[in-house]
Each structure stands twice: as structure tokens, then as C-alpha cells.
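There are 2 protein chains.
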Amino acid sequence: MFSPLIDELIHSLCCLPGVGRKSAQRMALHLLERDPEGAGRLVGALGTAIEKVGRCLHCRILTEQPVCYICSNQRRNTGLLCVVETPADVVAIEQSGTYQGKYFVLNGRLSPIDGIGPKELGLPQLFQRLRQEQQVTSQADEAEVEVEKDNANAPVTELILATNPTVEGEATAYYIAEQARQCGITVSRIAHGVPLGGELEYIDGGTLTHAFSSRRSI
Amino acid sequence: MFSPLIDELIHSLCCLPGVGRKSAQRMALHLLERDPEGAGRLVGALGTAIEKVGRCLHCRILTEQPVCYICSNQRRNTGLLCVVETPADVVAIEQSGTYQGKYFVLNGRLSPIDGIGPKELGLPQLFQRLRQEQQVTSQADEAEVEVEKDNANAPVTELILATNPTVEGEATAYYIAEQARQCGITVSRIAHGVPLGGELEYIDGGTLTHAFSSRRSI
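If you read the protein sequences in the order shown, they are chains G and Y. Start counting the first sequence at 242; every next residue gets the next number (the working numbering). Start counting the second sequence at 242; every next residue gets the next number (the working numbering).
Where hints are given, some of them may not hold.
Note that the list lumps identical chains together, so a pair holds whenever it fits in one copy or between two copies.
Straight-line C-alpha distance at most 25 Å; calculated DSS-like pairs for lysine-lysine [to be verified]: (1) Lys360 / Lys293; (2) Lys360 / Lys343; (3) Lys360 / Lys263; (4) Lys263 / Lys293.
Derived by calculation from the structure, the hints in this document are not laboratory data.
Same shape as in the complex, but just chain G:
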């Protein structure tokens, strides 16, 4: 129905998540008819981003710098390392303002059926780093050498697993916990239960079961 170039554009827009043929058609016509300027900006921004954005060498988050702004922030507590599935999770945690440690972004979750194993999530490098840090620390302890233990260079002492409470997320957390314990590191999992402001009436059974089995004495 459309001319070849517009058809091609509609087809390309379908690669966006949650965008089908009809929405893509609407987007294409909007961009060409109403907002060619915005479309030009989008071409520029997307082109530059594809070219320059890579992963942070430390935490694997998406960034155009070799090391992201969180990893290069000297004020953050390097003793805490929070493992999350996606960069969006980092944004959500940062927005809550509750956490001052560093992150490790898996960019996925263990899912053998999709061919995603520990290697794809960068886990071997993580465990190697944890093991090295532990060795350095224990050697220093043995030699009773005064090691500078400021926040910025402290080795990881606690791994906080904040993967999603889905089947794959739980499996990923379990796998990481097992491996990290072998490195002699404290491993914790963020709490799951009834969200604040939630009403019991509308909470699903799985969450309620978990909330009961994880109850704490007050």
C-alpha cells in the first residue's frame, strides 16, 4: 500500500519492543508528516549510540565510557556489589537512593534453552575477580601488612543478589550464590514479599506464600 521506502521504514520500526505493524505505520507517518526534525534527531542519536555505546569494563552496564560513572565514583562503597539483570534495574535502584555500593549487570539471566549460560552473563570474570580480591586480602592479613582499606579500593565483602523473582532469576541467583560462597564471600538476596502500599486482597498467591514463609519476628 505504501511506497517502498515507507514500507521499509515501517518494517524497520517493527524491531522496537512492543511495536507491531499498525503502531509502526502510525510512527512512520507521524515522523514523516509531523516531525521530520525529531526523526532527524532520532537518526543521529541512534546512529551515534550504536557506534559508541559499549559495556563498562567493571560492571557491564551500557555506557560510552570505558568505565561507567558509578564504577568511577570514588565515594561509593566497593565492599558491596549488587547483581542485577538489566541496566533498567540499576536505574530503578539508583532512583530509590537507597544503595551506595557498586553494581554488576548480567544483561540477562541464565536460560539454557535460549543458549544463555554463565559465560554470556560475564560470570567467569566476576568470580575470577572475587577470587583474586580474596587472595590479595588474605595474603595481606597473613603478612600483617597494613593495607589501605578505604571505601574506594576495599575488596567486595558482600554480594547482594537482586535478580528478578522469576524462575530464571531465582536459578541465576542460586548459581551465583553457590559460586560466590566458594570464594568465601557473604551472599545475600533482596527481600521478596508484599510491596509497600499493596493490598493483601490483590496480591498473588505465590507472593503471599513467600511473604509468610519469610516472616520475621518483630
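Chain Y: place on chain G using the hints.
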């Protein structure tokens, strides 16, 4: 929260219709993490489309050709001209396969509050063309010259108004009808009423009122 380039990309994606900050963030991360190839295709397709797509000289639809494939189709009946608001409307009508005439795309509707008048919709050119065609026809009739009256070159005899049944759409249709009648052309409006397969129970009052007032004897 994100690095500047990613922030810029998210901001640019917000120009898409129906896409807010949260969806744009999801799209940006999806493109960069999961589908850089699709993102590259999108940059190419959008860049080429902005550069090359313009309006058809006859019907104002979006196309990369000077004259679109409908206007250059010799088999279509030029005696009928259907006025629609957007290229998407043309697609909808073409998909129904019911109409064999030509189109005129307003790319909008009269909306003085947004600064959209007849000029922005290309109406002066349309009326001028209709008037010229009428003059040529009447001169030919007066001189009793045999004018070739095949479909491809026949002057417009009926203007079918298919703008949307909204306040602005109706006002646009009324304005065009007034002007076209002065050119001596038959003007019609597509029927509005209960859609086929619709249930009266769920039809809004306005549509029902219209359906009753426009009833036909059978």
C-alpha cells in the same frame, strides 16, 4: 541515570507517538543490548525516508516518487476523487478494495486553533484544479468538440468526502463541499452509522442518533 548518549537516545525516542519516557528507555536498551542490527537498519531506513520521501504532486500522499502509484495508475477512474485526512486512511480504503477512483490527501483537517487553514491542507490548489477542469469541459461542450473521455483523463465529476466524523473532520467536509459546489461538482459524504457486526447495545449515542436521522427506506 544513564550515560549522556543513551539519555539523548531515550529523549529522541520520546518523539514517537504514544511513546513516553519509560517505553523509550525500554526501546533504547532493547536496541543497544539485543538488536543493534535492527537499530542499524532503522537508522538507515529512517535517514533515507526523511531525505527522499515527499508528497505526490497530484494527491499529496507521502511517496518518494513525484507522482504516487495510485495517481499514475491509468486504470483508475479519475472521475471520482476521494478526500481523506491522512495517508493511513488511503491504506484503509485501499485494503477494503471497494474504491477505484483517485484520492486527495489533506494531511490534516481544518483546525484554526492549531493554525491549520485551507492553505495548509492544499485546498486552494485542489479548487483551482477542479475549476480548470470544469472550464475545459464546458468549453469543449460549447464547441461540440469530441473530447476523449476515457477514464484516465476524465475530469473529476464527483468529490467523495471521507474525512473523519469528528468536529474538525465535519467542519473540513462542510468547507470543501461549499467550495466544490461553486465549481459545479457533485459532492457526496460517505455514510456514517452503526458499523457492520456492531451491536446496538455498545454503540454510542451520537452514532445512534446519526444512524436514525440518516435512515433510508428499504
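To see whether the hints hold, each was checked on the structure:
| no. | hint | verdict |
| --- | --- | --- |
| 1 | Lys360 / Lys293 | within (24 Å within a copy, 44 Å between copies) |
| 2 | Lys360 / Lys343 | within (21 Å within a copy, 59 Å between copies) |
| 3 | Lys360 / Lys263 | neither (38 Å within a copy, 30 Å between copies) |
| 4 | Lys263 / Lys293 | between (31 Å within a copy, 23 Å between copies) |
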